[in-house]
Amino acid sequence: MTINFVPSKSDRTHLTINCYTIASYNFNKDNPTFYVTFNFSTNILWTAVLTPISPTATLPRTVYLGPVTIYAGARVDLQNLGNSFNILFSGTIGDVNGNTAFYSSNIGSFQQGAFEEVAYNQAEPA
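For the sequence shown, the working numbering assigns the number 7 to the initial residue and increments by one for each residue that follows.
No wet-lab data here; the hints were simulated from the structure.
Quick reminder that beta carbons are idealized off the backbone N, C-alpha and C, glycines included.
It cannot be assumed that every hint is accurate.
Listed below are the simulated SDA-like cross-link pairs for lysine to any residue, each with C-alpha atoms no more than 20 Å apart in a straight line [what the hints assert, rightly or not]:
1. K15 x Y26
2. K35 x N89
3. K35 x V69
4. K15 x K35
If you anchor each label on the Cβ, the simulated ranges turn out as follows [to be verified]:
5. D36 x T68: 29 to 39 Å
6. V102 x K35: 40 to 50 Å
7. T19 x N89: 32 to 42 Å
8. S47 x F108: 16 to 26 Å
9. N34 x Y70: 16 to 26 Å
10. N32 x G88: 12 to 22 Å
11. T57 x G79: 27 to 37 Å
Based on the sequences and whatever the hints tell you, model everything.
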């Protein structure tokens, strides 16, 4: 039996007092996938999915929960640097201290070379 293990990584970034993102990278050599959630407490306000084929996600309408508001038009972009990727956020988030604007702020960085598929218990060639 062969078990393929593909490691993943996630970055957590606090954007305001009550809003943070979790950016995760699931390795796939043909089309790596990045998931970004915008969170308040343990609740998700918005999830964006990015790939090199679809590198931008835009929030179509304003979302809010508790003191956090993410305004329509907020955008998450995948920046492909060859051997690494950055996830950039542009938009406005409202919180208890007012609105905070972000312009291509880096909320996640991932090295592609650090994620290689590893096969365990693979049969030796005859």
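Quick rundown of the hints versus the structure:
no.	hint	verdict
1	K15 x Y26	17 Å, holds
2	K35 x N89	12 Å, holds
3	K35 x V69	34 Å, violated
4	K15 x K35	15 Å, holds
5	D36 x T68: 29 to 39 Å	35 Å, holds
6	V102 x K35: 40 to 50 Å	43 Å, holds
7	T19 x N89: 32 to 42 Å	22 Å, violated
8	S47 x F108: 16 to 26 Å	20 Å, holds
9	N34 x Y70: 16 to 26 Å	33 Å, violated
10	N32 x G88: 12 to 22 Å	19 Å, holds
11	T57 x G79: 27 to 37 Å	21 Å, violated
Hint violations for this structure: numbers 3, 7, 9, 11, all remaining hints satisfied.
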